[in-house]
Amino acid sequence: MSERIAITGLGIISAIGDNVQQNLASLRAKRSGIGQIKYLETIHKGILPIAEVKHTDEELLQIAGIVEDTGYTRTALLGMIAAKEAFDNSGAKKGDGIRTALISATTVGGMGSTEKFYLDYINPEKTGDFVKYIDSHDCGDSAEKIADNLGIKDFITSINTACSSSANALMLGARLIKHGIVDRVVAGGVDGLTKFTINGFNTLMILDKEYCKPFDKNRTGLTLGEGSGFVVLESLDAAQKAGKQIYCELAGYANTCDAYHQTASSPEGTGAFLSMSSALALSGLKIEDIDYVNVHGTATQINDLSEGNAMIKFFGNKVPKFSSTKGYTGHTLGAAGGIEAVFSALSIHNNIIFPNLNFKDKLDEFDLVPVTDLIENAGVKNVLSNSFGFGGNNTSLIFSKA
Amino acid sequence: MKAYIRGIGQISPQQTFAKDDFLDTVVGYNTNMLFCIDPVYKEFINPLQLRRMSRTLRMGVTAAKICLTDSGIEMPDAVITGTGFGCIEDTEKFLLAMLNNNEQQLTPTAFMQSTHNTISGQVAIMLKCKEYNSTYVNRGFSFETALLDSLMLIAEGNAHKILLGGFDENSVNLHVTTERLGHWKKEKINSLQLLESKTSGTISGEGATFFMLTDKEDVNNYALLKGLSTLYKPENEKEVEQHTIDFLKRNNLSAADIDLVVCGLNGDVRTDGVYYHLRDKLFAETAGAYFKHLCGDYYTSSAFALWLSANAIKKQVVPEAVRLGKSPAAALKNILIVNHYRDINYSFMLVSQC
Amino acid sequence: MDALIVKLKTQIIEQLNLEGVSPDDISPDDSLFGEGLGLDSIDALELIVLLEKNYGLKIENPADGKKIFATIRSIAEYITANGKA
Chain Y
6 MSERIAITGL
16 GIISAIGDNV
26 QQNLASLRAK
36 RSGIGQIKYL
46 ETIHKGILPI
56 AEVKHTDEEL
66 LQIAGIVEDT
76 GYTRTALLGM
86 IAAKEAFDNS
96 GAKKGDGIRT
106 ALISATTVGG
116 MGSTEKFYLD
126 YINPEKTGDF
136 VKYIDSHDCG
146 DSAEKIADNL
156 GIKDFITSIN
166 TACSSSANAL
176 MLGARLIKHG
186 IVDRVVAGGV
196 DGLTKFTING
206 FNTLMILDKE
216 YCKPFDKNRT
226 GLTLGEGSGF
236 VVLESLDAAQ
246 KAGKQIYCEL
256 AGYANTCDAY
266 HQTASSPEGT
276 GAFLSMSSAL
286 ALSGLKIEDI
296 DYVNVHGTAT
306 QINDLSEGNA
316 MIKFFGNKVP
326 KFSSTKGYTG
336 HTLGAAGGIE
346 AVFSALSIHN
356 NIIFPNLNFK
366 DKLDEFDLVP
376 VTDLIENAGV
386 KNVLSNSFGF
396 GGNNTSLIFS
406 KA
Chain H
3 MKAYIRGIGQ
13 ISPQQTFAKD
23 DFLDTVVGYN
33 TNMLFCIDPV
43 YKEFINPLQL
53 RRMSRTLRMG
63 VTAAKICLTD
73 SGIEMPDAVI
83 TGTGFGCIED
93 TEKFLLAMLN
103 NNEQQLTPTA
113 FMQSTHNTIS
123 GQVAIMLKCK
133 EYNSTYVNRG
143 FSFETALLDS
153 LMLIAEGNAH
163 KILLGGFDEN
173 SVNLHVTTER
183 LGHWKKEKIN
193 SLQLLESKTS
203 GTISGEGATF
213 FMLTDKEDVN
223 NYALLKGLST
233 LYKPENEKEV
243 EQHTIDFLKR
253 NNLSAADIDL
263 VVCGLNGDVR
273 TDGVYYHLRD
283 KLFAETAGAY
293 FKHLCGDYYT
303 SSAFALWLSA
313 NAIKKQVVPE
323 AVRLGKSPAA
333 ALKNILIVNH
343 YRDINYSFML
353 VSQC
Chain A
162 MDALIVKLKT
172 QIIEQLNLEG
182 VSPDDISPDD
192 SLFGEGLGLD
202 SIDALELIVL
212 LEKNYGLKIE
222 NPADGKKIFA
232 TIRSIAEYIT
242 ANGKA
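Chains as they are written, first to last, in the numbering used here: chain Y, 6 to 407; chain H, 3 to 356; chain A, 162 to 246.
One or more of the hints may lead you astray.
Stated by the list, open to error - Below, computed lysine to aspartate or glutamate pairings styled on DMTMM-like, alpha-carbon distance capped at 25 Å:
id, chain 1, residue 1, chain 2, residue 2
1, A, K227, Y, D159
2, Y, K50, A, E213
3, H, K235, Y, D101
4, Y, K214, H, E91
5, H, K132, A, D201
6, A, K227, Y, E370
7, H, K188, Y, E130
8, H, K132, Y, E273
9, A, K228, Y, E370
10, A, K214, Y, D369
11, Y, K158, H, E105
12, Y, K365, Y, E381
13, H, K251, Y, D188
14, H, K190, Y, D101
15, H, K188, Y, D101
16, Y, K365, A, D185
Stated by the list, open to error - What follows is a set of in silico ranges between Cβ atoms, one per label pair, in the way DEER data are often shown:
id, chain 1, residue 1, chain 2, residue 2, range
17, H, K200, Y, G185, 22 to 30 Å
18, H, V178, Y, V72, 29 to 37 Å
19, H, L108, A, T171, 40 to 48 Å
20, H, K200, Y, Q26, 53 to 61 Å
I should point out that these hints are in silico values taken from the structure, not numbers from a laboratory. The C-beta atom is built at its ideal place from N, Cα and C for all residues, glycine as well.
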């Protein structure tokens, strides 16, 4: 159980790029992926900005290398693209005999296709090509398509704990390796944008009509995004012996529950404080070892206040450099923890800290000011990444230079 | 990895929420769409909470409460659930309102409760349980991963009592939609004659089952959960057979040590063959049991099988209604559960006397 | 005003699915949130939609809801002052 876990592969597709290189370039150039709605059919077009992956479903099919569309949803395609990049990047080969797990996370699953054809689905008189999407509604569909695409059979599962989902995927992955159940895990998450999600968050009145402004006094809500982020996890020891490229170590993780409200975090951030504390304890690091916090930072009134309070309680008056990258990618829900795990690994690997876009004024409630410009040679050895979801689900991950 | 089952709560299409009734009487349905028998929810949930809750939330939260009471444990160290489809009624409600009202004048309640982890979150809020909380959503592996996670947590030594749940909800729209894929029988049957139809398709069902798992021995424990394994898209029946042998071997057992095989026969002639293959090759001398004629088929139906097996071990009885083939041995020491969802997600569980 | 109050009570009971509550149980001056009827922030969002749907009134900032939704009477007054009921 004392085994250490390495990250040996990264894969991502988001509003700021189709792969790791493009994402890194956009992060460095302070290039946001948020814009007016282009690909999604909704009445909110022209009113609510979102962070879309800049491709139609047909283009995504091509990028994913699918010849015949037997019912691939946007969610499945985004996941297949990012997971494949991570898998290849780690040097893994299909059928190389290493016991491998695929753990994917998603909140909407195939809803993007369901909402297009649902009225036809439930009308037995209707028939047509839409029938091929019926079996892709549930969350497990994308995980199984990703696994099949990579030839992974040994262990497959999906997680949905709302917006902390894919951080939990990494956590489960590390534990599977430590328990000797598998030797390699492709873990992350994916969510395609849907009308269902936009309208749902809109009813909660937590969508900003401008680009989201994390940790800003005048923030009025989040900006939704889509995408997928995956990493490959292996035993650090085995990866070092095999001379593999190692981005960083997944040194700590913890999941706790705020147990306060279905959608709102507690103002004092109890669950967030507990998840950060437990993750740090597992990593064996000291609190002052944390160099950068990739905050959840959705830019809703409640999240940023609650998370800020939790950080102050946890770090005292020495809150490390922190930023939310949701000004780039939007809030990608089930993909957020995976995408931000890739960003955290890139932060350590390239020794940089990414800026928090759209920040102007700090909150009245505390003195926290995020990093607003790219920092090169930042001396990043340990990164804390937070992901919080509905149901009070709080997950903190700690990445360390191996 | 292992855990004791200390308490259980189950809401299903049978009278399973009453502790003393172990399928003494069973309900047959003349429809291919099974729904749960509702307890009086007001006895379990306060009205202010109840007013917002959809059917699956009521079922899940109530099953969890029954389980907590049954176990005598007030506060678990983790809440972990598995569900294939999540909260169908809330999802459909919001989706239909959105489509029918052209994305206007929508209200938040159904949306915020449509996420798959609503029940694990609600149970945690109800108990003020700030510990580990997770929800798995991978078809016929949903409950299995939740169980595996529980076993790992116990093995890690950080949790000693875990509230584990499996739930899925049926709906008319869901049934009609998936009927297009050939999942359900075209002809109407009586659910209790599920295996006699010899046609393709099965009957749809639902259920909410919660278990309290612990690492402590106790006279009140139902059974010991000794092993769990999953298998994804096996090539053929031979691979399933080999997997079963290896699984038993890892637990230092052979087929001869198994006193009862609880299998997921669902009356679909296209996919039931593998169970008969296992019977013929490995368990010709072993008593059998089946359960999907009682609860229908759904992603997390293996939770029903675990409920059945744990009770059979504790009460040392195999109810008449589930028996298949040879009569069970006088003493039930080891029960093997073999289940698969549409020949894709296979799972194996080993339930033993404490 | 009195007719509007009666109508509002029925609409609120229906929208919020207040099982077992009858219009007579709610006095126009009872506080709806917290100690009174026990409604919460999600109910406030539901009430915003109720006003939009039935009275054509749009509340853009959820924070404004606090004052408007204090009691049945305050809602009725808001509708009378701003709406076309």
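How the hints compare with the structure:
1. K227(A) / D159(Y): violated, 53 Å
2. K50(Y) / E213(A): holds, 21 Å
3. K235(H) / D101(Y): holds, 18 Å
4. K214(Y) / E91(H): With Cα atoms ~30 Å apart, K214(Y) and E91(H) exceed 25 Å; violated.
5. K132(H) / D201(A): Given that 25 Å is the threshold and the Cα spacing comes to 22 Å, the pair holds.
6. K227(A) / E370(Y): holds, 21 Å
7. K188(H) / E130(Y): holds, 16 Å
8. K132(H) / E273(Y): With a Cα-Cα distance of about 14 Å, the restraint between K132(H) and E273(Y) holds, given a limit of 25 Å.
9. K228(A) / E370(Y): holds, 23 Å
10. K214(A) / D369(Y): Violated - the C-alpha atoms of D369(Y) and K214(A) are around 36 Å apart, more than 25 Å.
11. K158(Y) / E105(H): Violated: K158(Y) and E105(H) sit about 40 Å apart, past 25 Å.
12. K365(Y) / E381(Y): OK: K365(Y) and E381(Y) at ~22 Å, within 25 Å.
13. K251(H) / D188(Y): holds, 21 Å
14. K190(H) / D101(Y): It is violated: about 48 Å lies between the C-alpha atoms, which goes past 25 Å.
15. K188(H) / D101(Y): violated, 44 Å
16. K365(Y) / D185(A): violated, 51 Å
17. K200(H) / G185(Y): 22 to 30 Å: violated, 44 Å
18. V178(H) / V72(Y): 29 to 37 Å: holds, 31 Å
19. L108(H) / T171(A): 40 to 48 Å: Roughly 22 Å apart at Cβ, these two residues miss the hinted range, so it is violated.
20. K200(H) / Q26(Y): 53 to 61 Å: holds, 57 Å
In terms of the numbered hints stated before, the structure departs from hints 1, 4, 10, 11, 14, 15, 16, 17, 19, listed from lowest to highest.
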